[in-house]
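Student: One-letter residues, chain by chain:
Protein chains: 2
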Amino acid sequence: MSLLVVGSVALDTVKTPFGAVHDILGGSASYFSISASFFTEVHLVAVVGKDFPPDYRDIFLEKGIRTEGLQTKDGETFRWKGHYDFDLNDAKTDATMLNVFGGFDPVLSESSRNCSEVFLANIDPVLQLRVLKQVKNPRIVACDTMNYWIETRRKELLRLLTKVDLFFLNDAEARQLAEEPMLTKAARKISAMGPKMVIIKKGEHGALMFVNGVFSPLPAFSLEEVFDPTGAGDSFAGGTMGFLAQSKKLHAKAFRRAMGYGTVLASFAVEKFSLQRLLSLTREDIEERYRTFSRKLVI
Amino acid sequence: MSLLVVGSVALDTVKTPFGAVHDILGGSASYFSISASFFTEVHLVAVVGKDFPPDYRDIFLEKGIRTEGLQTKDGETFRWKGHYDFDLNDAKTDATMLNVFGGFDPVLSESSRNCSEVFLANIDPVLQLRVLKQVKNPRIVACDTMNYWIETRRKELLRLLTKVDLFFLNDAEARQLAEEPMLTKAARKISAMGPKMVIIKKGEHGALMFVNGVFSPLPAFSLEEVFDPTGAGDSFAGGTMGFLAQSKKLHAKAFRRAMGYGTVLASFAVEKFSLQRLLSLTREDIEERYRTFSRKLVI
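Those sequence lines, one after another, are chains X and W.
Per our numbering, residue 1 is the first one in the first sequence, and the count goes up by one each step.
Per our numbering, residue 1 is the first one in the second sequence, and the count goes up by one each step.
Any given hint could turn out to be false.
Each pair may be met inside one copy or between any two copies, as identical chains are not told apart.
Claimed, not checked - Derived lysine to any residue pairs resembling SDA-like cross-links, with alpha carbons at most 20 Å apart:
hint, residue 1, residue 2
1, Lys189, Leu223
2, Lys185, Asp85
3, Lys196, Lys296
4, Lys253, Arg295
5, Lys81, Ala20
6, Lys296, Arg188
7, Lys189, Glu224
8, Lys15, Arg277
9, Lys15, Lys92
10, Lys296, Ala254
11, Lys249, Val298
12, Lys92, Ala20
13, Lys253, Leu297
14, Lys81, Pro53
15, Lys92, Gly82
16, Lys185, Phe86
17, Lys73, Asp55
18, Lys253, Lys296
19, Lys296, Leu250
20, Lys15, Lys272
21, Lys196, Asn170
22, Lys253, Tyr290
23, Lys196, Ser116
For the record, the hints were derived by calculation from the structure and aren't laboratory data.
Put together the whole structure using the sequences plus the hints.
Tutor: Written as structure tokens, this is what we have:
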């Protein structure tokens, strides 16, 4: 089993009430692939500029992530600049510099085309469709999106959704896409657009899964110290998809357990700046928190 | 085991996007006592006016609720008028007419003073303290409050909290009382004010319990139709305290299960206007939803 992710690899400049970092490794595909790498082989498809530090490329290699699809192009790497005030749920974007990402047009290698699971991270739905066309016979196709694409690429996004099994999006995006304030109703409406499974991410409030007409809510793992929420959603998706990729059978229980692992990865991701905590993590750390979380959920 | 509740019995006029009702039975003590009555004997302490319909008094009697403490005074019953827009999380108060509730000064009967559990619903902390003084030797003292008392009776509320075991409050109130945006940190700060156990109610996002330094999150039971959210928090507290009152041992598991029953009662309460759904409910309906909810939580 191997898991393909296409998305952004970025250099992030982030300020939170607890500190600041400059040009540090970020991007949806980075958080996703490192989170998923604890469970399965990950093929990373993204683009960076000539300025991308070799150390950062090594980070992926050390995690066993396949980087043949990580192209280097003339120009600068995609940059995101943002900050959080004390309400850490609300990321404020100060600047987005697409740079080489503007001309991103991924061509998949033979091994990437054979991946059994696919995650189309938050990029232009036109690109998501183009990548999906190249994959041969995936077992699960998942995607993410954002408000900007819902507004500007609605038609293409709706076309993509007819080809997607599992759709990750956050609560505000779900309300916006479904034009429905109530999340349960929004999930059902979105599922009718194509994806058999919808997972609505609610940040500190956890996630809500809708599969086969059944709602399955999961709280977040309670933390007292959140350092930097950047990448929480992609780490959640990475943990979820990573676990699914190594699951032989895809019954309802597997999806629920997968969402549990996603929650655990997200909870680690926010404990330090950037990918720092994920990179110091062991599989045993993950299993230990999973067990704690699992015990907490019993009523 | 018997459970004392002191709070409001009101006539509510409510408008939601789905309909409207006029002068219908409401109030914190009504929702609480009917929810708790499925589990234990409830002693209701409140005040109504001469205009209080005898049919509404019969509702309590039919549920086996002890009403010796439900005084009738000259004047009109407490009235609350409010509405909800499509965002059902946000109750908008249009009018509050205290009427006879303004002079409420409860004197407990002998049997009420002997109750093993006490719930001081959301009323003036001065009154909550006065009631508590009359109770002989309670096993659990619980209370609720609201933003208004946090602002205007902070000193009295803090004095009350030193005498309380279990404190129910919603997320906004927790942030306000602790002066802390992060709910986990707020819960710990509030626990340091006195209550060994703090349960923060988060509406559609469930609840967060803090006991013995451990956080225990619980999602809400997912509903697609919410008709009238009035009383959800008091029904939650009623289910929780009702279950605790009939629990022989008060270990961590009992509190978690109690919160599960609270969640189930709250989920029923919002399915129809006023107390309609709670009044048509059977213990078997509750157990069935509890089993469903419990299965959903497994990861």
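Student: Could you figure out if Lys196 and Ser116 sit no more than 20 Å apart (CA to CA) within one copy, between two copies, both or neither?
Tutor: The answer is within: 17 Å in one copy meets 20 Å, while 50 Å across copies does not.
Student: My question is about Lys185 and Asp85: at a cut-off of 20 Å on alpha-carbon distance, are they close within one copy, between copies, both, or neither?
Tutor: between (31 Å within a copy, 16 Å between copies)
Student: Are the CA atoms of Lys249 and Val298 at most 20 Å apart within a copy, between copies, both, or neither?
Tutor: Between. Shortest inter-copy distance 18 Å satisfies the 20 Å Cα cut-off; intra-copy 24 Å does not.
Student: I want to check one pair: Lys296 and Leu250. Are their C-alpha atoms no more than 20 Å apart within a copy, between two copies, both, or neither?
Tutor: between (24 Å within a copy, 17 Å between copies)
Student: Indicate which option fits the pair Lys189, Leu223 if close means a Cα-Cα distance not exceeding 20 Å: within, between, both or neither.
Tutor: So Lys189 and Leu223 pass the 20 Å test across copies only (14 Å; inside, 32 Å).
Student: Measure nothing new, just compare the shortest in-copy and cross-copy C-alpha distances for Lys15 and Lys272 to 20 Å and report within, between, both or neither.
Tutor: This pair counts as within: shortest intra-copy Cα distance 12 Å, inter-copy 46 Å.
Student: Is it within, between, both, or neither for Lys92 and Gly82, if the alpha carbons may be no more than 20 Å apart?
Tutor: Result: close within a single copy only, 5 Å intra versus 34 Å inter.
Student: Is it within, between, both, or neither for Lys196 and Asn170, if the alpha carbons may be no more than 20 Å apart?
Tutor: within (17 Å within a copy, 34 Å between copies)
Student: State whether the alpha carbon distance between Lys15 and Lys92 is at most 20 Å within one copy, between copies, both, or neither.
Tutor: within (10 Å within a copy, 36 Å between copies)
Student: Go through the copies and call it for Lys189 and Glu224: within, between, both or neither, with a Cα cutoff of 20 Å.
Tutor: Between copies, since 11 Å is at most 20 Å while 35 Å is not.
Student: At most 20 Å between CA atoms: does that hold for Lys81 and Ala20 within a copy, between copies, both, or neither?
Tutor: within (11 Å within a copy, 48 Å between copies)
Student: If the cutoff is 20 Å on CA atoms, where do Lys253 and Tyr290 land: within, between, both or neither? Let me know, please.
Tutor: both (15 Å within a copy, 19 Å between copies)
Of the numbered hints given earlier, the model fails none.
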